[in-house]
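Colleague: Input sequences plus hints: build the corresponding full structure.
Sequential numbering of the sequence shown, starting at -8, is according to the working numbering.
There could be a bad hint or two in this list.
Stated by the list, open to error - Keeping only pairs whose Cα atoms sit at most 25 Å apart, straight-line, the calculated DMTMM-like set for lysine to aspartate or glutamate is:
| # | residue 1 | residue 2 |
| --- | --- | --- |
| 1 | Lys217 | Asp383 |
| 2 | Lys197 | Asp208 |
| 3 | Lys368 | Asp243 |
| 4 | Lys48 | Glu62 |
| 5 | Lys378 | Glu193 |
| 6 | Lys213 | Asp201 |
| 7 | Lys233 | Glu338 |
| 8 | Lys59 | Glu300 |
| 9 | Lys368 | Glu382 |
| 10 | Lys291 | Asp7 |
| 11 | Lys197 | Glu390 |
| 12 | Lys368 | Glu230 |
| 13 | Lys217 | Asp287 |
| 14 | Lys(-3) | Glu38 |
| 15 | Lys217 | Asp24 |
| 16 | Lys368 | Glu390 |
| 17 | Lys59 | Glu38 |
| 18 | Lys22 | Glu62 |
| 19 | Lys378 | Glu339 |
| 20 | Lys59 | Asp7 |
| 21 | Lys207 | Glu382 |
| 22 | Lys213 | Asp280 |
| 23 | Lys213 | Glu300 |
| 24 | Lys59 | Asp24 |
| 25 | Lys207 | Glu339 |
| 26 | Lys197 | Glu230 |
| 27 | Lys207 | Glu338 |
| 28 | Lys59 | Glu230 |
| 29 | Lys233 | Asp208 |
| 30 | Lys197 | Glu344 |
| 31 | Lys378 | Asp201 |
| 32 | Lys(-3) | Asp24 |
| 33 | Lys48 | Glu68 |
| 34 | Lys291 | Glu38 |
| 35 | Lys291 | Glu274 |
Hints are computed from structural coordinates only; laboratory data are not their basis.
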Amino acid sequence: MPIEVKVPTLPESVADATIVTWHKKPGDAVKRDENLVDLETDKVVLEVPAPADGVLKEIMKNKGAVVKSDELLAIVEAGQAATAKPAAETAPAKPSSTAAAPAAKASSDDTTTGSAGPSARRAAAEQGVNIAQVSGSGKDGRVTREDVAGQANKGSSNNTATITTTGERPEQRVPMSRLRAKIAERLVSVQQNAALLTTFNEINLKAVMDLRNRYKDNFEKKHGVKLGFMSFFTRAAVEALKRYPTVNAYLDGNDVVYHGFCDVGIAVSTERGLVVPVLRNAERMNFADIERAVGDYGRKARDGQLTIEEMTGGTFTITNGGVFGSLLSTPIINPPQSAILGMHKIEERPIAENGQVVIRPMMYVALSYDHRIIDGKESVGFLVTIKELLEDPARLLLEI
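Modeller: The following block contains the structure:
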């Protein structure tokens, strides 16, 4: 029985998607819920699973095609998995009227092996690498992201990049992914449409580090998750947002909209670009809840499994350039939000303390904000509040 495979219903904020990779070709046996194709939107990569056990009979849309909700992608003949011919013996399916002539060949080139994880598959899709041609260096021959990058640098025959060489000065032209293009568009829009300003401060993290070192083993034993710094900064930011609600607001025309909740976005860097999953109602979360959620989001981001819902919304964002060694930066707000907190590298520096020069673990922090609705007094007060709470964590725990 033929079953239609269609584009999932996309959220209202997503108009269409681009076909990135077909993981099967016509004639291949498929299993129910096995990923058939990756669709890239402006925010995430969506996986479209097989609706039933059977054989992929026909591909209707090729790699690179732009599709919308409920468009027909392929047809699966259900119930024939056991009698399916091996891929090498299966004749290419006849392309449909909506597909380009080399549909079967294109999908064949994009077929991946079972020895590559989601992260490696996505890297291959973005760099135009035929993952079937990549030798795996991971455990049990598993293909890693580094293997894909190495193959891309060699100039795989399936690479979509344009390589030009003038003498010994090669250049490579690679199309931007949809996510990277959307990030670029949003950043330019923010610079043009908001009155951006950044204020800075520095935080002595000795008290936080002492507290963390004292209780991290008991914390992990009880909650099953490690105690990091993000939970301290998130809790401090939530408390500061309560005291300075304008920082948690946004501008809508001539109106300022104030949120009665704190949905804190945590910026995560991935191979595809920066994504910002959101901690919903962070004001209700304790340290363990935050660390657990941040860890889950980090894993999903690396594997390309974040959903659009997990990255939609957010009233305030925290970004940590310190993990890459950044000492100081001016982060750009995530519209329509009005502010973003930038964390940086912890570095031991000499400071004056009680009339003595001592060495302390210091971090520069930055608050970029939209000066149209947030005044300098509020921005400075917000950042000073975070500084005071982190330099005396007892106040953070007691909410005073």
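Colleague: The structure should be examined with respect to each hint, and the outcome stated for every one.
Modeller: Structure-based check of all given hints:
no.	hint	verdict
1	Lys217 to Asp383	holds, 21 Å
2	Lys197 to Asp208	holds, 18 Å
3	Lys368 to Asp243	holds, 22 Å
4	Lys48 to Glu62	holds, 17 Å
5	Lys378 to Glu193	holds, 7 Å
6	Lys213 to Asp201	holds, 19 Å
7	Lys233 to Glu338	violated, 29 Å
8	Lys59 to Glu300	holds, 18 Å
9	Lys368 to Glu382	holds, 21 Å
10	Lys291 to Asp7	holds, 22 Å
11	Lys197 to Glu390	holds, 20 Å
12	Lys368 to Glu230	holds, 17 Å
13	Lys217 to Asp287	holds, 12 Å
14	Lys(-3) to Glu38	holds, 12 Å
15	Lys217 to Asp24	violated, 33 Å
16	Lys368 to Glu390	holds, 22 Å
17	Lys59 to Glu38	holds, 14 Å
18	Lys22 to Glu62	holds, 22 Å
19	Lys378 to Glu339	holds, 17 Å
20	Lys59 to Asp7	holds, 5 Å
21	Lys207 to Glu382	holds, 18 Å
22	Lys213 to Asp280	holds, 12 Å
23	Lys213 to Glu300	violated, 30 Å
24	Lys59 to Asp24	holds, 21 Å
25	Lys207 to Glu339	holds, 21 Å
26	Lys197 to Glu230	holds, 20 Å
27	Lys207 to Glu338	holds, 21 Å
28	Lys59 to Glu230	violated, 42 Å
29	Lys233 to Asp208	violated, 31 Å
30	Lys197 to Glu344	holds, 12 Å
31	Lys378 to Asp201	holds, 16 Å
32	Lys(-3) to Asp24	holds, 14 Å
33	Lys48 to Glu68	holds, 6 Å
34	Lys291 to Glu38	holds, 13 Å
35	Lys291 to Glu274	holds, 23 Å
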